[in-house]
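Chemist: Sequence:
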Amino acid sequence: MPELPEVETTRRGIEPHIVGRRINRVTIRQPRLRWPVPPLDKLLAGQRVKSVSRRAKYILIEFANGTLIVHLGMSGSLRIVNTNTPSRPHDHVELCFGKQCLRLHDPRRFGAMLWTEGDPLKHPRLCDLGPEPLSNAFNGESLYRIAKNRRAPIKSLIMDGKTVVGVGNIYATEALFAAGIHPQRAGNRVSLARLEILVDEIKKVLDHAIERGGTTLRDFVNETGTPGYFAQELMVYGRAGEPCKLCGNQIKTRQIGQRASAYCSVCQR
DNA sequence: AAATTCTCCTGAAGGC
DNA sequence: TGCCTTCAGGAGAATT
1 MPELPEVETT RRGIEPHIVG RRINRVTIRQ PRLRWPVPPL DKLLAGQRVK SVSRRAKYIL
61 IEFANGTLIV HLGMSGSLRI VNTNTPSRPH DHVELCFGKQ CLRLHDPRRF GAMLWTEGDP
121 LKHPRLCDLG PEPLSNAFNG ESLYRIAKNR RAPIKSLIMD GKTVVGVGNI YATEALFAAG
181 IHPQRAGNRV SLARLEILVD EIKKVLDHAI ERGGTTLRDF VNETGTPGYF AQELMVYGRA
241 GEPCKLCGNQ IKTRQIGQRA SAYCSVCQR
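Using our numbering, read the first sequence as starting at 1 and increasing by one per residue.
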């Protein structure tokens, strides 16, 4: 599932192929995504892409008359393909620029395409989001200010977009392991010093995955793509029942906030 | 206000 | 081999 590193890698991958280019056709095969897809064929006719940016896991494609906001949900992907490439099932929307198209493929349709004519950062979906995880605005003290008054599990807090954006289940799980913090520990029972370590580990794991994405997802033209992380690098995520790579104890799993959460009860307290 | 539960959807995995 | 059931998962919405 696309987490922030995959979204950033996607943004970097498509940007050079579409910035400055003019749309000559839009095809909507399936308008029923998370929310109905707006009439992009009319909105984008003849429009030129001004920029491709990102906020949280949203990709923002800017035009002179507004901004297309794209979210990949958990099974979505954007690819640059030749116009004559046959569409596959679940290729829901495509923006064509002459001989090339930007295609949204999303089997589970948890993704979204939204349109706004104002400042995209003021859009209802974006205006209440917390800080970017890799920015200085997200630090030990900012996390402490939130966590110190909350009894919810620390894992739920760091996965809450109002605390910090872009930390999905995989990276939350891995960062908590790296920081030695039990995912279910109440927010108000984690010291500032430990939160500083946690923030550090979150940034590290995201940075590393973006770096990976840059090398493994380099080609966005006619490529299937690989995720920004590798199964053999995961310390705990998806390893329930297997031995901890640090202490050998069996990795456990439980539901925290409706999400599978793997952890080592020896290494994480 | 905070915490919890529900919801969308389909591919993959497990059971028999 | 194949059919049927179960379930994960991002994040907004609804509910407690």
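Misleading hints may appear alongside valid ones.
What the hints assert, rightly or not - Below are the DSSO-like pairs computed for lysine-lysine, each with C-alpha atoms no more than 30 Å apart in a straight line:
{"#": "1", "residue 1": "K204", "residue 2": "K162"}
{"#": "2", "residue 1": "K42", "residue 2": "K122"}
{"#": "3", "residue 1": "K50", "residue 2": "K148"}
{"#": "4", "residue 1": "K252", "residue 2": "K122"}
{"#": "5", "residue 1": "K203", "residue 2": "K148"}
{"#": "6", "residue 1": "K204", "residue 2": "K252"}
{"#": "7", "residue 1": "K245", "residue 2": "K204"}
{"#": "8", "residue 1": "K42", "residue 2": "K148"}
Just so you know, these hints were derived from the structure itself, not from any lab.
Chemist: Please flag the earlier hints that this structure goes against, numbers listed from lowest up.
Modeler: 3, 4, 8
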